[in-house]
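Asker: Now for the letters of each chain:
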Amino acid sequence: MTYTMPRPSITRSSASPWRQTKSAVMTASLVLALVVAVVPLVLIILYVISKGWASVNAPGWFTADIPIFSRAVGPGMGPAITGTLMITGAATAMAVPLGVLGGIYLNEYSAASRYGNVIRFFADVMTGVPSIVMGLFVYVIWVLSFGLSAFAGALALGCLMLPIVIRTSEEMLKLVPRELRESAYALGGRKAGTIVRVVLPAAAPGIISGALLAVARAAGETAPLLFTIGFVNQANSDLLHDPNTALSTQIFKNAISVFPGQVSRAWGAALTLIGIVFVFTILSRIASSFLSRKHQS
Amino acid sequence: MRAGFSCPHHQVDPGTFVTTTIAAPSSLAGSQRPPGLITDRIVRAVVFVAGAVVLVILALIAYTMINEALPAFRSEGWSYFTSDVWDPAHSKYGTLAFTFGTVLVSGIALVLAVPVSIGIALFTTEVAPRWLRKPVTYLVDLLAAVPSVVFGLWGLLVLAPALPGFYQGWHDLFSGVPVLGSLFDGQPIAQRSFMTAGIVLAVMVTPIITSVARETFATVPQSQKDAAHALGATRWEMIRAAVLPHSRGGLTAGILIGLGRALGETIAVALVIGSSPQISGKLFGSGDAAASVIALQWGEASDGTYRAALIGLGVVLFAVTLVVGVAARAIVARADRNAGGTA
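Heads up: the protein sequence lines correspond to chains A and B, in order. Quick note: the first sequence uses the working numbering, first residue 1, plus one each step. Quick note: the second sequence uses the working numbering, first residue 1, plus one each step.
There's no promise every hint is true.
[As the list claims (entries may be wrong)] Cβ-Cβ distance ranges computed for the label pairs, FRET-style:
#1 B:215 <-> A:74: 29 to 35 Å
#2 B:227 <-> A:175: 27 to 33 Å
#3 A:28 <-> B:60: 23 to 29 Å
#4 A:28 <-> B:175: 29 to 35 Å
#5 A:38 <-> B:175: 31 to 37 Å
#6 B:41 <-> A:241: 37 to 43 Å
#7 B:300 <-> A:85: 29 to 35 Å
#8 A:85 <-> B:281: 32 to 38 Å
#9 B:60 <-> A:234: 30 to 36 Å
#10 B:303 <-> A:258: 37 to 43 Å
[Said to hold, decoys possible] Below 25 Å or equal to it, Euclidean Cα-Cα: the simulated BS3-like pairs (lysine-lysine) are:
#11 A:253 <-> A:51
#12 B:92 <-> B:225
#13 B:134 <-> A:174
#14 B:92 <-> A:22
[Stated by the list, open to error] Heads up, incomplete: computed chain A residues facing chain B, CB under 10 Å, no partners named:
#15 22
#16 23
#17 34
#18 43
#19 44
#20 47
#21 141
#22 144
#23 175
#24 176
#25 221
Simulated from the structure, these hints should not be mistaken for lab results. Quick caveat, the model's predicted, so the values are computed rather than measured. Yeah, the Cβ is synthetic: ideal placement off N, Cα and C, and Gly gets one too.
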């Protein structure tokens, strides 16, 4: 009893060689596109590591003050590192709670209302506002009256982060199954209580992931800080008063220098900044992998 | 159909009440003002205010910045936009050269980045084996995580010095050709030029356009792709017949979002464009762009009108990116509606 029916060939045997070649060439060009984009990524990371490694490894890089004299060679990026962490931290403290609340409003209170749609639309538009405009805006409303400070920089970065946090929070809340809310209501839960005790915990990993991504983006920003924090060489731990400094603005100032000491400090600062940004990006990935695991189980 | 007791929850889809009609909790049905109602109202008010902050900030940006830039707009009149003479020493603030540079550099960036981005997105959604898709996505997203000032630093110290030889080659190749000959010229050919800025910008907007394109391609119904294959289409023919036509709206929006980013990018452009305001079609010559002028000249701008003129450039950037952003989101909204209607 032999069953010898040949498998019907439904693959591309019918296409002419010319069409097959064309398809293969186009497929190859898609692969080429990926290579074209990955090459600069790899080049940039390798360059930053190779040029910045020596600076970062020198003793005192993370703690010493930045040399005042342009010709000075050697380490010191401490003030910029604390500045970046301080400014980004303050921006996070302002933008993330507000953004999560805004996301809650969009998804839980106004899912299809016209006013909700208006806010959603303009939050999207706000993500496209150039960071330099946020810097100028904070210069006009804050710096003109209260002077340069880390807090002014945090305001500008907060304006950048806010729409990102709002939209990612909303998207993550949208993923929470409706049955979960209904069960809470059925047990007598009120709306606010249900959101705080049931909906938010379920969406937490995704919201944290989105917030961390916003932090990573803010930490690397330069343009908004140019008009808001000023430029100093010593650490300034006062959030609200007096100029401060950050890694990104240090890179910008030192990049155009003709002195090798400053240029190598720029590379070192670039490596430090990329390190900080990548740490937040990876943390964000870890948080979102918690989310997908939760949804699978 | 509503339940017999007054419902404490606001704006809940009527569908959710089907179950509550069976048995209303007696504690709720009896009391006049259910416990927690006040908290509910407060929470609602708080999240409402949080959402409204977005509108407040956008309105404040427009109002305060226009206000602050008025001295420059007043003293220059229309020539603020139409003149290309930017001479702060003689109080001449014409911004046309900067607007030109911004548009040219963003144009170069899009010409380079759009095909690459669409290619990567097609590769991830249509070609790559399943196990490869996530790593490729992560890799391209990593490119988006690199701070713009690092792109600028690399562009200035590594890329720019390497380019003039390449530029010279192109120049020699096309020197006799009418239009291309003057396009691929610098007079003199410069390390820091429109083209260098365009290349750096292209690298920066590629991950943005890619991620929008990827999401768009993922919404193409499998049935349409299967249908194309069943009719004997090769992979490329399937992409052209099923994937690309379905994605036109999403791709346009993605390109506009990338354009918005390119128009507003400051630091990377400031470091590699060469800072010489001129309106010239010579891509290998140096130029200047609106956002980078603000960053580079801010320190020198001590007198009121100079500063107002720079803030005015910020107003122009804000207005242009607002228009681009609104157009992009409107296209996305329409594409979403269409997809929802046919599905």
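Asker: Would you pick out the hints that fail for this structure and give their numbers low to high?
Answerer: 1, 3, 8, 10, 12, 14, 23 and 24
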